[in-house]
Amino acid sequence: MNGAGLHLSDVACLRGGRMLFRGVNLTMNAGASALLTGPNGVGKSSLLRLCAGLLPAFSGTIERTGAVALADERLALDSELPLARALDFWARLDDSADGAVAAALDAMALTPLTDVPVRMLSTGQRKRAMLARVIASGAPIWLLDEPGNGLDTASLVLLGAAVSAHLAGGGIVVTASHQPLPLGTPVILSLSDHLPDPAEWDA
Amino acid sequence: MRMLWLLASRDLGAAWRSSGLWLPVAFLLLVASLYPFAVGPDLSLLRRTGGGMLWIAALLASLLPVDRLIAPDRDAGVLDQMALRGISDEMVVLARLIAHWLGFGPPLMIATLPAAALLKLDGDTIWMLEAGLLVGTPALAALGLLVATLTAGLRSSGALAGLLALPLAVPLLIFGAGTLGDGSGAALKFLAAASLLLVAITPFAGGAAIRAGRE
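Going line by line, the protein sequences match chains A and B.
Position one of the first sequence corresponds to residue 1 (this note's numbering), numbered consecutively onward.
Position one of the second sequence corresponds to residue 1 (this note's numbering), numbered consecutively onward.
Bound-form chain B, shown alone (with noise of 0.2 Å):
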């Protein structure tokens, strides 16, 4: 336990100091300030869309930070001396996943509160758009890590983690965006299934993709 809070604790501090922290905050609200300019000042209709245009920013928002979440450290040794000190990778990816959904997660659900203002969205439709990314990004966390983990290595991988992101994504997608006109909170526990799948099998998969990737 001591050591996932130390290995947390310093890709948390990595990713502040590399300012890696606003990237997806920015995007996100240069994404809802473009939006309008782009379908027009109609309030229903950005009141309408505004909610799922900002999944689908979050999604991508997601995607900003991949190529920096491994391979920086797979390069510079960092991973293989962790597994010289017998931590396995599995541990190293589960602690990078919890750093990362810090990093991520609370700061575009705060993004999301001016972002809703520029949408002009109601109050029902930020609750249930601030619920909807509380149980979906750490899902879209772990799929961001999680591509990083099996193209850490790869040239351009930058463009090659987008490709192999955004197919899985779609179900992220569905059901988040989903959560919005939806009154029964169905959406919402199936947004919540797949997350929990996403973050229970990252750690897995991810470790076994900087494994076979050591050479």
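In isolation and in its complexed conformation, chain A is listed as follows (with noise of 0.2 Å):
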């Protein structure tokens, strides 16, 4: 996991005609993590989705060195699998080491779920079965749309304990949220900061 990196410069994201945010500059290195923030719509979940490569920036550039894994809105697992074997898909893609799936399911107590159907759990165990899913995946580099939504107390510590545990192995997170974190002290990215001039784009 040693060498991983992520440099943003000078990105800036257009999406549906409208330009999100400008001028973000991010150079992360190994055990770095940071949260990025503002209100709703200012363009959180675009600039993971930059960082993961899945959207090409509007200008500015991307540089990532190693995997990256990505939990967002959507749970990607198979819902008529039971949870392990669903998570199982994914490690057998990523070449995981044999018992990784147990050790995150572990990590987000959830060795109790193994054998339910992934469509059977709720909003919580759900949130945590995909933070698993990136546990399990080995990337050094963790991107997480608002991982804290829809866990209690007790999960959020185990979150916390999950990224400080990645961290201290040499892995970089980036979070995406708007509430407080267990996330030990990121460098904050404040997205309200990089809108665009309006007057420009009215143009």
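Keep in mind the hints are simulated off the structure, nothing from the lab.
C-beta: ideal position from N, C-alpha, C; glycine also.
It is possible that some hints are incorrect.
Claimed, not checked - To give a feel for the contact side, a few chain B residues facing chain A, derived at Cβ under 7 Å:
#1 L6
#2 A8
#3 R10
#4 R17
#5 G20
#6 L21
#7 D80
#8 Q81
#9 L84
#10 R85
Two chains, two frames, a set of hints: combine them into the complex.
Rendered as structure tokens:
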């Protein structure tokens, strides 16, 4: 996991004909974490998708070193399969080490739900299952979109512990959230400071 | 190669669990049993037109699973998760094409046997029908998948998929039904050519459609 990096320089994002933000710079090396803040619709999720390489940047460059794991609002687990088997599919694609799924389930306190079909999980359990998918992927760069939504206090502690362990192992965590999370001391990037000049875009 | 197998086996498993595999088979058998009611129990008429009727049924049956081929995985974020892992969209579509044909072609060919019996087709016609389906079902699967990638994310995509696919399927129907009355084998070769073309372009066109639809 050493040598992981995520570098954004002067990134701008245009979606649906609207400039969301511009001039975003972020330099993250192994062990760094960042928290994206800003009101709804400011482009936090879009920035995460840019970092993941799922969206092209309108301008600027994004450099990634290392694999990326993304947890957004979509679970991406087969709803008919038992939880452990649904996670196993991704673990096999990732060539994760044996036991990575079991360890991830344990880290999110999901071990008792191993045989429960994904569609039967509650909102909070689904969110934890998604985090378990991220943990089991073994990717150094974690992109978490509102990871605390739907989690109870005990689960937030688990999330904080998982993030700390990942950072201590040389990983990178970028989180978008508007609620306080136990994520140590991240670099705070407020997208409200990067709004485009409206006059420039009305012209 | 291992990745292709992982992806295809997952897709086939998902189709099996959603019981989508039975839908085309049930449809084909239903059409074959309704057709004699509609045209009357005239043996020679059934024998003469039954093969073409089964080709139409196979073509329409290929449209039934279109709305569950791509859209559910796109909405669940599965396609994005695959892209994150560096799996190209072309590879995803190719794996899905293999899985879709395995779940669609052979069951349809098996269902054709009882359907042919219902229409009193003779032995030669059944052989030609099965040979035509063996060559033609990959094309039908590819066409369904291609249309599914194009319409994923649109509203009322099912109806739109039918409108898009049916004109493109006309050559398959002409050559496919043409094999039945053609002793020279030329129609089968044309069918094979059309099938090869569709199977070859689907991974690329479908992959491009998925990429373009990513937002």
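Do the hints match the structure? See the list:
With 7 Å as the threshold, the beta carbon of L6 of chain B comes within range of chain A, its nearest partner Cβ sitting at about 6 Å, so the hint holds. Because the smallest distance between the Cβ of A8 of chain B and any Cβ of chain A comes to about 12 Å, over 7 Å, the interface hint for this residue is violated. Among the interface hints, the one on R10 of chain B holds; its C-beta lies about 6 Å from the nearest C-beta in chain A, closer than the 7 Å criterion. The restraint placing R17 of chain B at the interface with chain A holds, with a minimum CB-CB distance near 5 Å, inside the 7 Å limit.
Given the 7 Å rule on beta carbons, the hint for G20 of chain B is violated: about 12 Å separates it from the nearest Cβ of chain A. The interface hint given for L21 of chain B is violated, since its Cβ lies 14 Å from the closest Cβ of chain A, which is over the 7 Å cut-off. Evaluation of the D80 of chain B hint against chain A yields a held restraint, the C-beta minimum of about 6 Å falling below 7 Å. Checking Q81 of chain B against chain A by beta carbon gives a least distance of about 5 Å; that is within 7 Å, so the hint holds.
This hint holds: L84 of chain B has a C-beta 5 Å from the nearest C-beta of chain A, less than the 7 Å allowed. At about 6 Å, the closest approach between the beta carbon of R85 of chain B and any beta carbon in chain A falls short of 7 Å, and the interface hint on this residue holds.
Hint violations for this structure: numbers 2, 5, 6, all remaining hints satisfied.
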